[in-house]
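Engineer: Sequence:
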Amino acid sequence: LKLASGPCCRFLGGRSRSRRRRPPGAGDLYFAPAILWAAMVFHYDAKLGRLQTACVIANTVLPNVVLSLEFWLFLILHATIFVIHRSGYLTATFEHFKLDWHFVKVITAMTTFIEVFYANQCYSRYNHLYQATRSVLDEAICYVYTMRVFIMAEQPKYARLSTRYMLAGLLLHFQGLQSEEGDAVLEHLTQIEFLKPQEANLLRSYKMSHRSVILLSWSSAVAREGCSKSSAPSTMHRELLSKALSIRNNQQKIVDTLALPIPFQYFHLLSIMIVMNLSLWAYGMGCSTSPFAPVVFFFASLIFIGMMELSSEMADPFGTDEVDFPLQEWLREGVEVIADMLERQDCTLNSSTLAAACEREMPLPRDCHRRISRRGGMAQPGIAAAAGAQRAPLQPRDAKTFAAPMLSHEGVA
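Under our numbering, the residue at position 285 of the sequence shown is numbered 416, and the numbers go up by one with no gaps.
Calculated from the structure, these hints are not laboratory results. Each hint should be verified, as a subset may be incorrect.
Subject to a maximum C-alpha distance of 27 Å in a straight line, what follows is the list of computed BS3-like cross-link-like pairs (lysine-lysine) [unchecked claim]:
| no. | residue 1 | residue 2 |
| --- | --- | --- |
| 1 | K360 | K288 |
| 2 | K384 | K338 |
| 3 | K236 | K288 |
| 4 | K360 | K327 |
| 5 | K338 | K327 |
Owing to the predicted nature of the structure, the values given are computational and were not obtained by experimental measurement.
Please model the entire structure based on the sequences and the hints provided.
Structural biologist: Here it is as structure tokens:
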């Protein structure tokens, strides 16, 4: 299987939209897939003004809140009470049904505390799922990188077959998180040539939750045979097996976390408190004589319902919501990195190229620290030129010269 020329890099609809820029003069020899940039759905500038940020509607939960039925029910209830009270129909009976705002403060404070706690738990769960998902992809890169170094040169077919099984297991696992149709996922993997028809038929005899584990075991078995047939170190199979087990452990963490949501009893009590709080707000602000009461109720209910909507979206980030993980983009980027690392010949140095590069290598300058700015970038041209004028290569020193400063202090020797 030629990963670089086959359909593997376009199995999810083409290349990634967020592309890294190549350094000037790098040309086609540029190869920097060792770091996977974790792209998110929406990048924002934290230094942007508060007013400009508050006016943003796209990529937020506001459209979902405004389109929800409960938001409009409470808003209509408040508007009805407000209009009736302003018309004078509730004036005679208002003293008998007057709402004391001290009582409303109690339930508002309780609802706010419990809702913030719920949002915090959902974000912790969101962060845990993010770490586990990224660890799966990172360990897969390390797995293929190890095979590229020790197996690919002598046993390329074993390295490619092991990589194909490993990638098929990853895709089957993550696609299973987004879809319950396991046979449809197998059919899709067969169409994009990650699985052979006979392999897909064999996997159909297993449970859907076991198929990714079976593929990972196939990948480890092929890697073991590749290690035995090549001149790889004796400990290399153990290293590959540990990476495969790490992939499996992180996959299980994702499944276990998704299988343990916030208890329904907690969510039910929180929903009751929000309904009661919004109902009291609708009545209390509706009986107000201030013309700004509908505006305050609109934004208060928008924030309360929006926090619940945002927390529910973070609880399960494997979907199509605004805060969900860009899983398709991550997988596309990971497959592209693996394909380049395994198949591209210009990303590695052969013996002759390595020897020539070592011959041309110069000693490190003593003032190399001056060429880097405090922000991590390169120093300004004027500073770099002045530092270059004083450049002096590092000179080797013998043992006496090196030890003289240490021996000059009493007691150090």
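Engineer: Check each numbered hint from earlier against the structure, then list the numbers of those it violates in ascending order.
Structural biologist: Those not satisfied come down to hint 3.
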